[in-house]
Amino acid sequence: MKSVLAALAVAIVYALPASAQDTPLEYRVKAAYLFNFTKFVDWPPGAISEGAPFTICVAGMNPFASALEDTIRGETVAGRSLQSRVAQGNEPCQVVFVPHDVDPVPILKRARMQPVLTVGESPDFLRQGGIINFVRDGGKVRFEISQEAAARAQLRISSRLLRLAREPAERGLER
Amino acid sequence: MGARTMRILHFLCLVLASLPSSAAAAALDEPPAQDLKTLSIEQLMEIDVTLATRQPEPVRATAAAISVITGEDIRRAGVTTIADAIALADGVHVARFNNGSWAISARGFNITSANKLLVMVDGRTEYSPLFTGVFWNMLDYVLEDIDRIEVIRGPGAALWGANAVNGVINIITRHSRDTQGAFVSLGPGTEDRALGEVRYGGAAGNATYRVYGKYADRDDQVVSTGGPAGDSRRRGQAGLRIDGGRANSSTWMVKGDAFHSSDAFFDRPDGEFTELALQGRWSRPLSPTSRIDVQSYYRREYRRVPLQLTHDLDTVDLDFQHAFSARTRHNVVWGGGFRVNRDRTFGSTLISFDPERRSYPVSSLFGQEQFTVRPDRLFVIVGLKMERNAFSGVEWQPNVRTRLDLTPRQTLWGAVSRAVRRPTRLDVDVLARAPTGVLAVVGGGEAFRAEKLIAGEIGYRGQIHAAVSLDATLFHHSFDDLRSQELPPSGLPPLVVGNTLNGRSHGLELAFNIQPIGRWRTHLGYTYLGTSITRDPNSRDVSGGISEANDPHHVFGLRTSIDLPHRIELDANLRSIGAIATPTVPAYTELNARVGWRATPRIELAVVGHDLLHDHHPEFGPPGPRREEFERGVRALVTLRLP
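For the record, the sequence lines run as chains S and B.
Anchor point for the first sequence: position 133 equals 889 in this note's numbering, and the numbering is continuous, going up by one each time.
Anchor point for the second sequence: position 164 equals 176 in this note's numbering, and the numbering is continuous, going up by one each time.
Hints may contain errors.
[Said to hold, decoys possible] Across the chosen pairs, the derived CB separations fall in these ranges:
no.: 1; chain 1: S; residue 1: Ser915; chain 2: B; residue 2: Trp609; range: 49 to 57 Å
no.: 2; chain 1: S; residue 1: Asp857; chain 2: B; residue 2: Pro577; range: 34 to 42 Å
no.: 3; chain 1: B; residue 1: Ala611; chain 2: S; residue 2: Arg916; range: 28 to 36 Å
Calculated from the structure, these hints are not laboratory results.
Keep in mind the model is a prediction, meaning the values are calculated, not measured.
Idealized CB from N, CA, C, for every residue including glycine.
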């Protein structure tokens, strides 16, 4: 017993790094997803005011560090330049990402009936009225889509994206 | 074992720590975000983001001790059987007995016919109803097409039903949407002389499908003297899976698999083993907050072990469940199922069943509610399963669980559960004879009762450092009515199978995920386990329970994976298993290693070495000249993936 615990301790000490503050791969992947989503969703005409950039907002805390910036730098959506910002209140956003440690309810309430693509990463996000929710499937990032919520927001989601979406909650442990 | 483990760990740590620092830094830098955005959604879906900072998934909300082996873990381990893949899970003791038998259990009571685990493939029960244990030699699949293996330690009976006593293993195969295109893998080696897997996946309308086949030819192991054990085997499997429907409306899945193997024995003609399974599932959302699932399957097993037992067994199962949430704070799942098993047995002078044929239905109803006491903080889960079986009637299996999220990344949970291992033909109807023909043991008949467990568990899961996460569980299991072998009052054999033993097990399960940088992942698992078996005061048991459990106190595992430049992958898997007592097997430490090269997105080459530290070593079974030992081996692997 003693020797095994000692071995555990040794292994951990050797394996510990000096620094590990880069954006986790998970959020770099999610940033790439957010950028990709903009290509598969049609916003209704007039959703963005004339000449304004297309904006992806991150609600509350920003888990991406600079990864989202890096992803969309120099890109365009429907001929508009793409920008990202951390949302404080009532900025006009076309996409809002709600990190898992931010309460989505007030944000979804504000976005309700607006042409805003809401994207979350918490188990109840679709049930609370969100449109796309990231889920972990084994070690992979997958997503599920609420077509009902998309229709409410007047967004048209391409059938290709819908086909790739996971049906909410596979039978399995959630039973 | 201590000194040896220490030396090997030291060696491994030194190797890892002594990478030249500049090369290591260059090698281990992750791809920048710029690279990822050029990937398609399909490609993004395939990236494994498993991290030390793994956040609680919905699965984790069940407040149980769980360990998930991903398809990527299996690929990087280079294993060739499902049983060996399960050995990657924390807190599971996997011991090989020979090429076709394993002893596998979590939380103790491990024997080659361990009967307290519920094992499923895509929700289809895979243990044999004959003894509620798994014939591991018949459980196979194209390992590339396994999405993940979820292992829950401890009882899951309130949801899953009888036999989810010491744990639940659910093998989940990939959606056919995720296995499109052609896949060919060839892996000849010193032990697996031939191993080939082929799969093709395509789409038709709004359905996707895959068809697959595999074949493997495994060489003999050796006995302790070094001579061949005479247990070579050939196995093959083929099958298909079709998935259809659309997200947000009804979806369906149909699956069929056929397995056959021919296994050699040193002292008799070959055995024949066949399994056939057909499965269908249909699922439909009734509203945004409610969903219904219906599943049905047919499974047939046929086994012929010359001079021992031949049997066939058909199972038909139908079950449904309905999940919904009410008033936002209540999540409810309820459902029920009905299953019929029908077997025919052809015994030998050694073992037979009376009656020779029997059908035995099982029906069940369950309900579970998760109540949110405080949003994002405190949850209480209450569940109950009622099950009626043909041997012991109605059994109740309740549990209460609670989960407290200290922070979004730290969770405490606790559970109290009752579970039963229901009686089987092997307890009730068995007749076992000594080689002389004298009846030695007879089944307990209607007097045999279910084995009962009361379990208490507490656990912690959380990130304890930017690059380190910890999963720790303490448990205490208390068994009543364990299977015994009673000397009749006359004092003369045969012994009668009874229920006069009690068991206890307690333990500590630790798992660390360490990921200092994206390209270097390390997983450490350690389990301490204590088990004991005692007799009731009126017991006439003469077995002392030694045929019911044989468990090591310590199981230690260390896995590390490094991604080097030029798409080279390095993997090592060290395991150290403590000594077991009845029968005695000494402690051992073994090492598997893999070097892989993803030459192009379509071609992958790998070399895998297994059991590298000894010429051969035993893992289970009584000492003696016939005990099997497992040899050091190497295999090469060529894999082709065409879109």
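> Looking at the structure, which of the earlier hints fail to hold?
Replying inline: Of the numbered hints, just 1 does not hold.
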